[in-house]
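Asker: From first to last, the protein sequence lines are chains A and B.
Residue 35 in the numbering used here sits at position 47 of the first sequence, with consecutive numbering throughout.
Residue 1309 in the numbering used here sits at position 255 of the second sequence, with consecutive numbering throughout.
Hint data in this document are derived by calculation from the structure and do not stem from the laboratory.
Using N, Cα and C, we set each Cβ at its ideal position, and we do this for glycine too.
The reader is advised that the hints may include incorrect statements.
Straight line, CA to CA, 20 Å or less: simulated EDC-like cross-link-like pairs of lysine to aspartate or glutamate [said to hold, decoys possible]:
| id | chain 1 | residue 1 | chain 2 | residue 2 |
| --- | --- | --- | --- | --- |
| 1 | A | Lys0 | A | Glu59 |
| 2 | A | Lys126 | B | Asp1184 |
| 3 | B | Lys1263 | B | Asp1242 |
| 4 | A | Lys126 | B | Glu1148 |
| 5 | B | Lys1217 | B | Glu1193 |
| 6 | B | Lys1279 | A | Glu31 |
| 7 | A | Lys41 | A | Glu59 |
| 8 | B | Lys1279 | A | Asp18 |
| 9 | A | Lys41 | A | Glu62 |
| 10 | B | Lys1217 | B | Asp1188 |
| 11 | A | Lys29 | A | Asp148 |
| 12 | A | Lys(-2) | A | Glu31 |
| 13 | B | Lys1217 | B | Asp1095 |
| 14 | A | Lys126 | B | Asp1179 |
| 15 | A | Lys(-2) | A | Asp45 |
Covered stretches of chain B, going by a simulated chain A footprint (3 or more residues, C-beta under 8 Å) [unchecked claim]:
| id | region |
| --- | --- |
| 16 | 1153 to 1167 |
| 17 | 1176 to 1183 |
Listed next, with one range per pair, are the computed distances between beta-carbon atoms [as the list claims (entries may be wrong)]:
| id | chain 1 | residue 1 | chain 2 | residue 2 | range |
| --- | --- | --- | --- | --- | --- |
| 18 | B | Ala1189 | A | Val102 | 21 to 31 Å |
| 19 | B | Thr1229 | A | Glu59 | 51 to 61 Å |
| 20 | A | Leu99 | B | Thr1229 | 27 to 37 Å |
| 21 | A | Asp39 | B | Arg1264 | 43 to 53 Å |
| 22 | B | Ala1285 | A | Arg104 | 49 to 59 Å |
| 23 | B | Gly1216 | A | Arg104 | 50 to 60 Å |
| 24 | B | Ala1067 | A | Asp148 | 34 to 44 Å |
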Amino acid sequence: MNASAPVARKLKVATTSLAGCFGCHMSILDIDERLFTLLEKVEFDRSPITDIKEVGDCDLGIIEGGLCNAENVEVLREFRRRCKVLVALGACAINGGLPAQRNTLSLPLLLQEVYRSEPGAEHGLIPNDPELPLPLNKVHPLHEVVHIDFFIPGCPPSADAIWAVLTGLLAGEERPLGHGLIRFD
Amino acid sequence: MSAPATFTLDGRAIAFAEGQTILQAAVAAGAYIPHLCFHPDFKPHGSCKVCTVTVGGRHAASCTTRATAGAVVESDTPAINAERRALVQMLFVEGNHFCPSCEKSGDCKLQATAYDLGMVSPHFDHFYPDRPVDASHPELLLDFNRCILCSLCVRASRDVDGKNAFALAWRGIRTRLIVNSRTGKLADTNVTAADKAAHVCPVGVILPKRRGFATPLGRRVFDLKPISAMADASAAVALAEAGEPRRDRQSDGRLP
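Extracted from the complex, chain A is given alone in its bound form (with noise of 0.2 Å):
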């Protein structure tokens, strides 16, 4: 029986959007055509883009968003579990970003402000229903709770940013983003 040369598995990716606005994940989508060469080297486990619920055992997992509410904070835990490579992706997954801006002034008053202030949805009243997962008394980055392995930093970042980090993780190897590619606007 010949021997054939082994078939390269397939690496599992998945991808989450905590704290964040979905802009990171748009500019995975920018990446364009080269998502046809990706694809031959990976398959997407959770990710908005499968609409999978729950995360796998996974090569990779890219996180964006911080942490605002304990809901985040499984989530990350639940990647980190899973994935034996981490990645955080953009501004908010970094620094905590736009949702931090929050993190002077005090839950209590946040919450007086929005839902008490004004009629609205909930009569004037601040939502407690159980589903609801609670937010954290300040919004923090990921690499406060859990080991972070990798950042790639930007609001978004760039898809050549993001595109240069994957190529260089797929082919073993942590390339520096250079000049242009790192930026943290």
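Since chain A is already given, all that's left is putting chain B on it; use the hints.
Answerer: Chain B in isolation, oriented as in the chain A frame:
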């Protein structure tokens, strides 16, 4: 007449005049040593330590260390750059540095230095300090969230403008920038937008009002060129900010 005295910076001979510090001589020679609180127009302050080099194997802040003939200075090494990166990361977590909403993004020396040092995350835990802005002045906005305590506005207002409008109050981790007026508000000083102090901030603390995003992101000073490729980044930023909005500049920096 004998040849001017020189020291070596990463193996390159740098000529210096008597009394110059290592960083002053390097900037004059067009050689890059990362720095934030130093500005060629002002007496060195020596506070940020980002310009740390080794002189004969010993660590020293190059902005305050006098150049001496034959000194062997090392700057661009992986070990020193790792230390600089840690210093810059600490500056990021001590303040509130949210680049996407900052008018200075792309023209900011802190951000450009972080880019150049390959800083992709702040690494440390954030302080998220509460630092209200001062929008009282008709021409200038003060956003203390971004202050890195370089004291350039303090030096400019005191030594050039003769107004002594700013000061660093408290000490240690509690050090913060304050305004020298009875109310603590900028409106109650005689500072104007024409002052030197209004144009030396390396980050986005002192900003002119009503010019927000006149130059789009992507066409700013350090978007076009890394800070390490500039002989005098302070001068490049000042020149760009004094000029017309850079709307029409092409991606390679040339005007059409």
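Asker: Decide, hint by hint, whether the structure agrees.
Answerer: These are the hints, each one checked on the structure:
1. Pair hint lysine 0(A) plus glutamate 59(A) does not hold up; C-alpha atoms about 23 Å apart against a cutoff of 20 Å.
2. Proximity of lysine 126(A) to aspartate 1184(B) is assessed by CA-CA distance (about 13 Å); at most 20 Å being required, the pair is judged to hold.
3. For the suggested pair lysine 1263(B) and aspartate 1242(B), the alpha carbons sit about 17 Å apart, so the restraint of at most 20 Å is met.
4. Straight-line distance between C-alpha atoms of lysine 126(A) and glutamate 1148(B) comes to about 16 Å, which keeps the hinted pair within the 20 Å bound.
5. Pair hint lysine 1217(B) plus glutamate 1193(B) holds up; C-alpha atoms about 17 Å apart against a cutoff of 20 Å.
6. Under the criterion of a C-alpha separation no larger than 20 Å, the hint pairing lysine 1279(B) with glutamate 31(A) is inconsistent with the structure, at around 37 Å.
7. At roughly 13 Å between alpha-carbon atoms, lysine 41(A) and glutamate 59(A) fall within 20 Å of each other, so this suggested pair holds.
8. For the hint pairing lysine 1279(B) with aspartate 18(A), the CA-to-CA distance comes to about 25 Å; that exceeds 20 Å, so the pair is violated.
9. Annotation: proposed proximity of lysine 41(A) to glutamate 62(A) holds, straight-line Cα distance about 14 Å (limit 20 Å).
10. This hinted pair checks out: lysine 1217(B) and aspartate 1188(B) have alpha carbons roughly 18 Å apart, not beyond 20 Å.
11. A threshold of 20 Å between alpha carbons decides the hint, and for lysine 29(A) with aspartate 148(A) the separation of about 18 Å falls inside it, so the pair holds.
12. Straight-line distance between C-alpha atoms of lysine -2(A) and glutamate 31(A) comes to about 6 Å, which keeps the hinted pair within the 20 Å bound.
13. In summary, the hint linking lysine 1217(B) to aspartate 1095(B) is supported, as the alpha carbons are separated by about 17 Å, within the 20 Å threshold.
14. A distance of roughly 12 Å separates the Cα atoms of lysine 126(A) and aspartate 1179(B); the hinted pair therefore holds under the 20 Å criterion.
15. Straight-line distance between C-alpha atoms of lysine -2(A) and aspartate 45(A) comes to about 13 Å, which keeps the hinted pair within the 20 Å bound.
16. Coverage of a stretch by a chain is defined here by at least three residues with a beta carbon nearer than 8 Å to that chain's beta carbons; for the region 1153 to 1167 of chain B and chain A the count is 7, and the condition holds.
17. Coverage of a stretch by a chain is defined here by at least three residues with a beta carbon nearer than 8 Å to that chain's beta carbons; for the region 1176 to 1183 of chain B and chain A the count is 6, and the condition holds.
18. Look at alanine 1189(B) against valine 102(A): about 24 Å separates their beta carbons, and that is inside 21 to 31 Å.
19. Roughly 39 Å separates the CB atoms of threonine 1229(B) and glutamate 59(A), a value that falls outside the hinted 51 to 61 Å.
20. Between leucine 99(A) and threonine 1229(B) the CB atoms are about 34 Å apart, so this pair conforms to the stated range of 27 to 37 Å.
21. Separated by about 46 Å at the C-beta atoms, aspartate 39(A) and arginine 1264(B) satisfy the suggested range of 43 to 53 Å.
22. For the pair alanine 1285(B) and arginine 104(A), the beta carbons lie near 57 Å from each other, so the given range of 49 to 59 Å is met.
23. Separation of glycine 1216(B) from arginine 104(A) is about 51 Å and conforms to the stated range, judged on CB atoms against 50 to 60 Å.
24. Hint check: alanine 1067(B) to aspartate 148(A), Cβ distance near 39 Å, so the stated range 34 to 44 Å holds.
Hint violations for this structure: numbers 1, 6, 8 and 19, all remaining hints satisfied.
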